[in-house]
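Chemist: Given the coordinates of chain A, work out where chain P should sit on it, guided by the hints.
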Amino acid sequence: MEIEKIQNIENESELVHKAQKGDQRAFSLLVKKYESTVYSFAYKVCRNEEKAEETLQDTFVNVYRKLDQFNGKAKFSTWLYQIVTNNCLMKRRKSKLDKSSVSLESPDSTQEDSDLQGNGVPLHTLVSLKQTPQDEMVNKELRELLDTAILKLPMEQRIVFILRDVEGRSSEEAAKILKVSVPAIKSRLRRARVFLRKQLQKYMEI
Amino acid sequence: MKTKKINKLRCNEVAKYVCENLDEQLNSRKCQVIKKHLQTCPKCIKQLDSLKKTVFLYRNCPTPGISAQAHRKLIAGLSLMMTKK
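Chains as they are written, first to last, in this note's numbering: chain A, 1 to 206; chain P, 1001 to 1085.
Chain A on its own, in the form it takes in the complex (with noise of 0.2 Å):
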């Protein structure tokens, strides 16, 4: 498993060093390797499959244009998806899509100690495992919810907690892949739960 884990970090370094030297094969390898990946961030960040499509398309467009600026210090999966947020923040700021999203400024101690009072339920009352159209009807209802809820997010906010709660990422690559410092992460990603978990509340109380 070890033995198999280095072989493919030397293979993508290998890679990736063929790809700047204008080796397409290299190169189409590694879009073979990382096309999912990539599709499903942006997917995650603007939930919507073909603004996910056009993210994909600029973001290895650019890793192309790029590649020779690639040198080495940080993974190489750090670096796209240095590439992807960039793209998903463009496009943001571009189409002004984010019209509706709150202010960046920290929901106060109050606010905060307000939502305390929050109910918890049992999970499979949201989350059905049996597919009658009822509960088809309930995850479609959630989904969309799930949905308007992270649209409504900051999109810098947004990415951290994709990063961070839902792809798994630790803070210092997080730090790394934003350019900011590991308390803004946090701080950002603080933000995001404490937001998201009030869009959510009263779904979880039904």
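Hints are computed from structural coordinates only; laboratory data are not their basis. Mixed in with the good hints, there may be bad ones.
Taking lysine to aspartate or glutamate and the EDC-like style, the derived pairs with C-alpha atoms no more than 20 Å apart in a straight line are [unchecked claim]: (1) K186/A <-> E1013/P; (2) K176/A <-> E1013/P; (3) K1043/P <-> E205/A.
The following label-pair restraints were derived from C-beta to C-beta distances [to be verified]: (4) K18/A <-> K1084/P: 17 to 27 Å; (5) V61/A <-> C1041/P: 45 to 55 Å; (6) R1029/P <-> K66/A: 42 to 52 Å; (7) K1073/P <-> N71/A: 40 to 50 Å; (8) N48/A <-> K1035/P: 14 to 24 Å.
Every residue gets a Cβ at the ideal spot worked out from N, C-alpha and C, and that includes glycine.
Modeler: Just chain P now, kept in the frame of chain A:
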């Protein structure tokens, strides 16, 4: 004095700390006190529970895979770009 202050953590401080450090393996003095608080404060337990559920729902929300058409479009676009270079 400092220990006394830490032991008297208020729920909003706990909420802030938990929201920042959920899922992290921390063993600091403050973390130990917060864990202790969480064992005895029903309000904070509920809050932690709803926070965990929120993260769980997003983590387990299905993501569509890349379509064959999107894959072909990507490869075609990149091939064209590489040919032009």
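Chemist: Each hint: holds or not?
Modeler: Here is what the structure says about each hint:
| no. | hint | result |
| --- | --- | --- |
| 1 | K186/A <-> E1013/P | holds (15 Å) |
| 2 | K176/A <-> E1013/P | violated (28 Å) |
| 3 | K1043/P <-> E205/A | holds (15 Å) |
| 4 | K18/A <-> K1084/P: 17 to 27 Å | holds (20 Å) |
| 5 | V61/A <-> C1041/P: 45 to 55 Å | holds (52 Å) |
| 6 | R1029/P <-> K66/A: 42 to 52 Å | holds (45 Å) |
| 7 | K1073/P <-> N71/A: 40 to 50 Å | violated (30 Å) |
| 8 | N48/A <-> K1035/P: 14 to 24 Å | violated (40 Å) |
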